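Chemist: Take a look at the letters that make up each chain.
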Amino acid sequence: MVMGAFTLSDERTAAGRLPGLWQGFAATLARDCRLRFRRRSELANPLIFFALVVTLFPLGLAPDSTLLASIAPGLLWVSALLAVLLSLDGLFRDDFDDGTLEQLLLAPQPAGVLVLAKIVAHWLTTGLPLALISPLLAIMLSLPGHSMGVLMITLLLGSATLSLIGAIGAALTVGLRRGGVLLSLLILPLYTPVLIFGAGTVRLAIEGAVLTPWLALMGAMLALSLLAAPWAAGAALKLSLDG
Amino acid sequence: MWPIIHKLGSPKWFYTMSGRWLPFLWGSGALLIIAGSVWGLAFAPPDYQQGDSFRIIYVHVPAAILAQSCFAMMAVCSVIFLVWRIKLADMAAGAAAPFGAAMTFSALFSGALWGVPTWGTWWVWDARLTSMLLMLFIYLGIMALRGAFASRDGGARAAAILTLVGVINLPIIKYSVVWWNTLHQGATFSITEKPAMPASMWLPLLLMVLGFYLLFAAVTIARTRNEIIRRQPSARWVRALAQGGRNGL
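Protein chains in written order, with the working numbering: chain W, 648 to 890; chain E, 16 to 264.
These aren't lab readings, by the way, just hints derived from the structure by calculation.
Owing to the predicted nature of the structure, the values given are computational and were not obtained by experimental measurement.
There's no promise every hint is true.
Claimed, not checked - If you only want the chain E side, here are some residues facing chain W, beta carbon under 7 angstroms, derived:
#1 F152
#2 I153
#3 G156
#4 A159
#5 A163
#6 G169
#7 R172
#8 A173
#9 V180
#10 V182
#11 L185
Yeah, the Cβ is synthetic: ideal placement off N, Cα and C, and Gly gets one too.
Bound conformation, chain E alone (with noise of 0.2 angstroms):
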């Protein structure tokens, strides 16, 4: 466990293998995003009640969903950094900070425009929208925290602090359709049951989770090995990199 966890840690190699990661990541993300779109958008049937306004479901869902992973994710790096000073761990976590906030926007914002045909209007002050409208605030505020330090450790320790602490309200997300009577329906999807829908319509949906994981792994690996570019520029295999090109590694 622990070479794998210290090759893991380093960033050379990290860098390395993610290279070969990459394309096959940004490939089946693109491929499990336009079939999914194409098929939720085109051709799975109409809501019997909300007829075709329920395919923003298709966009929604799956930003709720990465929104709250991407914190959960963040939370895991927070704990190995601040525990172990792995930094790897950090950079992955400033990488993904921002994707995180732009899934908990969209969540919203698809959210609101949802919202005028079924609930007849843009918002309301229930239990699911504000714990969402909060995780953004988080977000914010843990992305201005770790750019107000001057030292880059001071920022990256600042910052996992913060998201361990904000990982309180991941819970009362999740939670908040069950604890609170809330105008927001229930779970989507859950392990345990079958979804109510038809496979028709929840198929293209799975697909468009699957797409977004696939998205998410993809745009932070390639932020993150931005960040460890940037952060060791005049290490020697950074530089035999931009000298050789691709095949100096």
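If we strip away everything but chain W, and leave its shape as in the complex, we get (with noise of 0.2 angstroms):
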């Protein structure tokens, strides 16, 4: 009885002094974002791409800015979307090749949440500044003026739950070679339902409907992503570093 209350005691001042959940949510957090705002270059990427694959609309289709206003919303939306897929492959790559994802794996706090806070960094870096250039882009491709706050907030909304799908993709194709191609198969499929209502929703503020249930529906997946997806991805890490 005495040795067990002695040991329980023990683990007790150990487990006292390991950071908790948050301090290690954080501590991964602050370390990603300030990796990637090390390589400034990297940085601007996704968001030149983004502004290269818009520009690529006009020059294919005609330069007619009702033509180009009547299909700005799809089209902004597909070129933010493919930003976001191509920036994904780097997610966890350099983790992989210097060890440090086994480390985060090893770690007390549970994958999920670290793998979360992997997924914020890469949000902060690349679908927050997508969203915030994006009236720019709008503007070009004559998008009524009343929309572009629409647009801002559903590419907030909506990036946010393309990074946290975008990240079981990332994971699971981080230990192979050529995973680049399969990442996009993989995970084009489940981004779907994300296009379909963040675009939707631009369309009809364009014509001024009521917005409310379509921004909802948008929240709620991005609610379920939440819920879900740290935690896949985080198996699927474990299962790329077995094999």
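Please assemble the complex out of the two chains, which come individually in their own frames, going by the hints.
Modeler: What follows is the structure in structure tokens.
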């Protein structure tokens, strides 16, 4: 009895010294953000890609402002989605190559929480800037001015969902040498609901319809992926390290 | 309960038992499909609006039902594999995937053929059609992911995780005709209601659906048996099987 009580209190002090759940989350988030901001040129790549793809469409279709305005919501959304998709391969790649990922998964905090921190860092450096520069490109596509705010809100909500869902695919393919094309094959079918509701909300905003149910659905998709994606990605990372 | 599961999880036991089920499954499946086809294509009355073109239903609906059931079965197998590490579940999921993809393609293709006389177009971006198309892509992704891994176990677990993520599409397909006002009609069969068709039309369809299920079971079991042999060619019972023929077991 005495021995049992002794070891129990011993473990307690040991557990007391370990960093807690939020400390682990904050440390991972801060580390990832710092690393991303130190590679400034890579930081801008998704944004340049976004702008380039948007530029291709008026050249490929016709520089007719009424035509462009009618397809601008879908066009901006598809381009932003592709920009997020391209940035996904780097989500776990460097950490996988230098062994950091192994240390993260060995940490006492649940893998899902640490993966969530990495996803948040990814969103802060891709989804958020994409949403912020989208009005600039929207003006070039002559999207009506009153729908700019809605475009930004849908991109903010939607790109977070895209980062979360994409993390599952990135985690599944990080151990593969040529995972890039496979990653798009796995993730694009799962991205379609976000695209449908994201672009659909902007289209409705142009018509001046009620947007609350559409925005609520986008929030619901974000909540659902927030709940499930980090854990699925954590499990996928474990198997990528085993294989 | 547990002894049965452990027995079922043993490849040797499964191989022996399924060898006895297979002839029955193949036979009854073929019988039902032949009976359903002949009845549906030759004897069922033509539709009062669509004429004979409605007979595509006898391929379209069973294929679509099987495409979804196959995915559900793969999801159950994935859970069993991820939680209890029963390898047989993974073999069955891997064996079912190409069949499911083929059924999804058949449903889409027969639907496109049916669309021409009834809707006047091969394809519309309708919720039911789009979600089925996405399921085809998810099937292909699962198969590609499994093949991309160098280690068999890694590929198996990755495919299982992706299958469970892809399950989200199943309720979307099922309720797409309810949630959205679409061109595609509602469900053909329901457990609680009487079909809207006369019995001479839906009975052959029921035969076809049951026949497709039996075909699915037979194909999946046969492919799982091949996979068992392929994975453990040096096991003692497999070598005895190769030497002694079927009498060895």
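Chemist: The structure should be examined with respect to each hint, and the outcome stated for every one.
Modeler: Here is what the structure says about each hint:
no.: 1; hint: F152; result: holds, 4 angstroms
no.: 2; hint: I153; result: holds, 5 angstroms
no.: 3; hint: G156; result: holds, 5 angstroms
no.: 4; hint: A159; result: holds, 6 angstroms
no.: 5; hint: A163; result: holds, 5 angstroms
no.: 6; hint: G169; result: holds, 3 angstroms
no.: 7; hint: R172; result: holds, 4 angstroms
no.: 8; hint: A173; result: holds, 5 angstroms
no.: 9; hint: V180; result: holds, 6 angstroms
no.: 10; hint: V182; result: violated, 11 angstroms
no.: 11; hint: L185; result: violated, 13 angstroms
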